[in-house]
Amino acid sequence: SVPPGVLPLCRQLLAWGRAPRQLPGLPLAQCRAFSNNKIMVELDESSGVATMKFKSPPVNSLSLDFLTEFCISLEKLENNRACRGVIITSAVPKIFSSGLDITEMCGKSTEHYAEFWRAVQEMWLRLYSSNMVTVAAVNGSSPAGGCLIALSCDYRIMVENPKFSIGLNEAQLGIVAPFWFKDTFVNVVGHRVAERSLQLGSLHSAPEAHRLGLVDELVPDEKLQEKTGAVMAQWLALPDHARQLTKSMMRKAVLDRLVAHREEDIQNFISFISKESIQKSLRMYMEMLKKKKG
Amino acid sequence: SVPPGVLPLCRQLLAWGRAPRQLPGLPLAQCRAFSNNKIMVELDESSGVATMKFKSPPVNSLSLDFLTEFCISLEKLENNRACRGVIITSAVPKIFSSGLDITEMCGKSTEHYAEFWRAVQEMWLRLYSSNMVTVAAVNGSSPAGGCLIALSCDYRIMVENPKFSIGLNEAQLGIVAPFWFKDTFVNVVGHRVAERSLQLGSLHSAPEAHRLGLVDELVPDEKLQEKTGAVMAQWLALPDHARQLTKSMMRKAVLDRLVAHREEDIQNFISFISKESIQKSLRMYMEMLKKKKG
Amino acid sequence: SVPPGVLPLCRQLLAWGRAPRQLPGLPLAQCRAFSNNKIMVELDESSGVATMKFKSPPVNSLSLDFLTEFCISLEKLENNRACRGVIITSAVPKIFSSGLDITEMCGKSTEHYAEFWRAVQEMWLRLYSSNMVTVAAVNGSSPAGGCLIALSCDYRIMVENPKFSIGLNEAQLGIVAPFWFKDTFVNVVGHRVAERSLQLGSLHSAPEAHRLGLVDELVPDEKLQEKTGAVMAQWLALPDHARQLTKSMMRKAVLDRLVAHREEDIQNFISFISKESIQKSLRMYMEMLKKKKG
Numbered sequence: 233s234v235p236p237g238v239l240p241l242c243r244q245l246l247a248w249g250r251a252p253r254q255l256p257g258l259p260l261a262q263c264r265a266f267s268n269n270k271i272m273v274e275l276d277e278s279s280g281v282a283t284m285k286f287k288s289p290p291v292n293s294l295s296l297d298f299l300t301e302f303c304i305s306l307e308k309l310e311n312n313r314a315c316r317g318v319i320i321t322s323a324v325p326k327i328f329s330s331g332l333d334i335t336e337m338c339g340k341s342t343e344h345y346a347e348f349w350r351a352v353q354e355m356w357l358r359l360y361s362s363n364m365v366t367v368a369a370v371n372g373s374s375p376a377g378g379c380l381i382a383l384s385c386d387y388r389i390m391v392e393n394p395k396f397s398i399g400l401n402e403a404q405l406g407i408v409a410p411f412w413f414k415d416t417f418v419n420v421v422g423h424r425v426a427e428r429s430l431q432l433g434s435l436h437s438a439p440e441a442h443r444l445g446l447v448d449e450l451v452p453d454e455k456l457q458e459k460t461g462a463v464m465a466q467w468l469a470l471p472d473h474a475r476q477l478t479k480s481m482m483r484k485a486v487l488d489r490l491v492a493h494r495e496e497d498i499q500n501f502i503s504f505i506s507k508e509s510i511q512k513s514l515r516m517y518m519e520m521l522k523k524k525k526g
Numbered sequence: 233s234v235p236p237g238v239l240p241l242c243r244q245l246l247a248w249g250r251a252p253r254q255l256p257g258l259p260l261a262q263c264r265a266f267s268n269n270k271i272m273v274e275l276d277e278s279s280g281v282a283t284m285k286f287k288s289p290p291v292n293s294l295s296l297d298f299l300t301e302f303c304i305s306l307e308k309l310e311n312n313r314a315c316r317g318v319i320i321t322s323a324v325p326k327i328f329s330s331g332l333d334i335t336e337m338c339g340k341s342t343e344h345y346a347e348f349w350r351a352v353q354e355m356w357l358r359l360y361s362s363n364m365v366t367v368a369a370v371n372g373s374s375p376a377g378g379c380l381i382a383l384s385c386d387y388r389i390m391v392e393n394p395k396f397s398i399g400l401n402e403a404q405l406g407i408v409a410p411f412w413f414k415d416t417f418v419n420v421v422g423h424r425v426a427e428r429s430l431q432l433g434s435l436h437s438a439p440e441a442h443r444l445g446l447v448d449e450l451v452p453d454e455k456l457q458e459k460t461g462a463v464m465a466q467w468l469a470l471p472d473h474a475r476q477l478t479k480s481m482m483r484k485a486v487l488d489r490l491v492a493h494r495e496e497d498i499q500n501f502i503s504f505i506s507k508e509s510i511q512k513s514l515r516m517y518m519e520m521l522k523k524k525k526g
Numbered sequence: 233s234v235p236p237g238v239l240p241l242c243r244q245l246l247a248w249g250r251a252p253r254q255l256p257g258l259p260l261a262q263c264r265a266f267s268n269n270k271i272m273v274e275l276d277e278s279s280g281v282a283t284m285k286f287k288s289p290p291v292n293s294l295s296l297d298f299l300t301e302f303c304i305s306l307e308k309l310e311n312n313r314a315c316r317g318v319i320i321t322s323a324v325p326k327i328f329s330s331g332l333d334i335t336e337m338c339g340k341s342t343e344h345y346a347e348f349w350r351a352v353q354e355m356w357l358r359l360y361s362s363n364m365v366t367v368a369a370v371n372g373s374s375p376a377g378g379c380l381i382a383l384s385c386d387y388r389i390m391v392e393n394p395k396f397s398i399g400l401n402e403a404q405l406g407i408v409a410p411f412w413f414k415d416t417f418v419n420v421v422g423h424r425v426a427e428r429s430l431q432l433g434s435l436h437s438a439p440e441a442h443r444l445g446l447v448d449e450l451v452p453d454e455k456l457q458e459k460t461g462a463v464m465a466q467w468l469a470l471p472d473h474a475r476q477l478t479k480s481m482m483r484k485a486v487l488d489r490l491v492a493h494r495e496e497d498i499q500n501f502i503s504f505i506s507k508e509s510i511q512k513s514l515r516m517y518m519e520m521l522k523k524k525k526g
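For the record, the sequence lines run as chains L, F and W. Residue numbering for the first sequence follows my numbering, starting at 233 and increasing by one per position. Residue numbering for the second sequence follows my numbering, starting at 233 and increasing by one per position. Residue numbering for the third sequence follows my numbering, starting at 233 and increasing by one per position.
One or more of the hints may lead you astray.
[Stated by the list, open to error] Okay, derived cross-link-like pairs now, PhoX-like style, lysine-lysine, Cα gap no bigger than 25 Å in a straight line: (1) K340/F - K484/L; (2) K484/W - K287/W; (3) K484/F - K455/W; (4) K507/L - K507/W; (5) K484/F - K395/F; (6) K522/L - K507/L; (7) K395/W - K326/W; (8) K484/F - K484/W; (9) K459/L - K287/L; (10) K512/L - K522/L; (11) K455/L - K395/L; (12) K507/W - K484/L; (13) K340/F - K512/F; (14) K507/L - K326/L; (15) K484/F - K484/L; (16) K308/F - K512/F; (17) K340/F - K326/F; (18) K455/W - K287/W.
Hints are computed from structural coordinates only; laboratory data are not their basis.
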């Protein structure tokens, strides 16, 4: 139902730079058609709180389409004065997000890798710098890029199910989390926990994640919505302007670092992911996943 | 009882730069007359430990006069070879210091804002870089600038009364803690705790402050003096020179950052505080405080 | 049994720069003769795990000879494709390493101080940047430079004997830990714990070290070997390449800082250690140690 050409156009717009808000005549309206495809967005105008619910089964993987939709949805909320906070959660049982879609990184063209990586960067730049209060309601497992989304929010509440795990487990797949994943992680858990967890590619169970400070709070599944609402209300009680300036002060150094090295980071990603050895690991990993399902 | 012209003179001296110690002929003796006005200073020459006791009721707010006196008192102790350590505490019941005096930031001239902000910077630069051992004996609540004073010491002991609170709550008032408040805070509690606490403008009860590492130790009121003395003795057991170089190594990066951006920081403060919206919030806040008292 | 001239030659090779691996024709074979002098090295080729056991009684102090041997041993393992991990431990009861050998810093020539300090830097640069998994099995006390060795590993397991202590206690001796000791420490325990511990020159008992995060795990003496092997196996389960790149990403900033300031750091050390007051403290300290023994 998306008119042909719109998706690439939107991607192109995103690709133009750090601050599409300043682009002349961004035709966001055109994007509305697919904006509720992989992510359900609901805005409660009375409270000013939006909910972004990932519903891209089976595992909410971050494909180029998903990331594009994520950025556009966030952009629309950011520009909507009625919206002051956003809750990010999943509509898929047991999984928050499985992280970057490996099929986007396997057997594709250099141009595709560049477009995909720019979309990953864009997602993080927007979410980590969002003026809205962002709360992750982590209601399932959340490896790699899924964990990054949670880490980029202002607050993380996780369902206390010990079967749910979260972490930047890239090293387990033979790949390396980029420096800005690492910077975001260090800002949350500190240097030592990040060093150990990243080197081991650890996936931490919910209780362990809480102990390490990776998530702020654990709640039983049935209390998640209530608790998330209460936390959001607490953060929204602050004057927006002061809170936003404070957030920006805390996060600016790390955001600036990616902005300054964005093209270099894309080239690094391309040359790394294009290596035959890496392609081979990823293919093996995908085979393994298929067999698991079958 | 201060001869007219002395206070502005002393302020001027402070305003001349980072290291008045190197100024030719600093007439500190002239200042002695008012040095015991808002802050009681006692030096025990046998132990080499001075006590600075804030006695500026009702709430030890950091007015321009208070800050000037604080800087001069600290400077005198710093230059006194008989003094190796200083305990900072309050003579006013239930309050350590309420932080920056809002009346100095409300309805005043640009010149006044500049002078005031330079005095706030000066206070922090001197205290955070002090060669003396500095121990905060936090015997009451300590919001905003009061919290900064405690954070700038080498060690913080707080009375375990859960009614006493401490924190950088600027965001609650619609204002933003400057970057060097933030840097000092991050150096004590780490990035994540600082990010959350600053965005929420949290005032933490004594037990919570201890749990977060914002204060090092809690003691019952009646043990405060004894414990503070014991901690001071422990720190003074180290050779001064090695301890001072170590302290400087730990704090230099953060101190240098303000020194490098001092004038810019003053201009930022002036343009922020001069905004009609900010002036309005501060007036409302003062009204609220007055009604509370009344 | 070392042919005359070989030891200075090897030192010279080490002194040539950061990356002897790239030197043409490094005659490491020549060094083999003394490589098992102060440090026992055993490589289990089936597991790919080497053990470096300090056996330089009475206290495994880091003399120039010890450091030279340490660097050469590490280099040989690093270049041996059969070796993927190294366990560092002590063959001397109750002591892991007592740190830098004070006799190398006392009453020697400027040239000697420079050579010694370059060897200390070299040891840290190689260990902290090692591509191998490095696990410290701390089976005794570990002050100052001994603590640095432990801090530079990927993981620290300590025998839970409360009589064993560990810490950067330089300030107690009237000297100052160099900035890269401090950086390494901050990366492990965070800024606040490092600031307090360095200023006080604290030696932490094993349980306290564990509480502060200075060591990762405590075990009874008789379980040390088993536990160390299990931890090593866990780290070796990761693909080397991804783990190595991740480690390098975490440690690069701190390593680069010393590389950029290496000569300056040597000059600082020489001018500090050459001071008569420092020489006097060190002589007194050595006298005290002699009397203790006697």
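Hint check:
Only pairs whose Cα atoms come within 25 Å are accepted, and K340/F paired with K484/L is rejected, the gap being roughly 32 Å. Restraint check for K484/W and K287/W: not satisfied, since their Cα atoms lie roughly 31 Å apart, outside the 25 Å limit. For the given pair, K484/F sits about 43 Å from K455/W by alpha-carbon distance, which is inconsistent with the 25 Å threshold. Distance restraint check for K507/L and K507/W: the Cα-Cα separation of roughly 55 Å exceeds the 25 Å cut-off, and the hinted pair is therefore not satisfied.
The straight-line distance between the Cα atoms of K484/F and K395/F is roughly 35 Å, outside the 25 Å bound, and the hint therefore fails. At most 25 Å may separate the alpha-carbon atoms for a hinted pair to count; K522/L and K507/L meet this at roughly 23 Å. This hinted pair checks out: K395/W and K326/W have alpha carbons roughly 9 Å apart, not beyond 25 Å. Our distance criterion of 25 Å between C-alpha atoms is met by K484/F and K484/W, whose separation comes to about 21 Å.
With a C-alpha separation of about 22 Å, the suggested pair K459/L and K287/L falls inside the 25 Å cut-off, and the hint holds. For the hint pairing K512/L with K522/L, the CA-to-CA distance comes to about 15 Å; that is within 25 Å, so the pair holds. Among the hinted pairs, K455/L with K395/L is consistent with the structure: their alpha-carbon atoms are about 18 Å apart, no more than 25 Å. Note on K507/W and K484/L: the hinted pairing is violated, with a Cα-Cα distance of about 43 Å set against a maximum of 25 Å.
With a CA separation close to 13 Å, the supplied pair K340/F and K512/F stays within the 25 Å bound. A threshold of 25 Å between alpha carbons decides the hint, and for K507/L with K326/L the separation of about 33 Å lies outside it, so the pair is violated. In summary, the hint linking K484/F to K484/L is supported, as the alpha carbons are separated by about 21 Å, within the 25 Å threshold. The suggested pairing of K308/F with K512/F is violated, with an alpha-carbon distance near 39 Å, which exceeds 25 Å.
Between K340/F and K326/F, the direct Cα distance comes to roughly 30 Å. Violation of the 25 Å bound is thereby established for this hinted pair. The straight-line distance between the Cα atoms of K455/W and K287/W is roughly 21 Å, inside the 25 Å bound, and the hint therefore holds.
Hints 1, 2, 3, 4, 5, 12, 14, 16 and 17, counting from the list given before, are not met by this structure.
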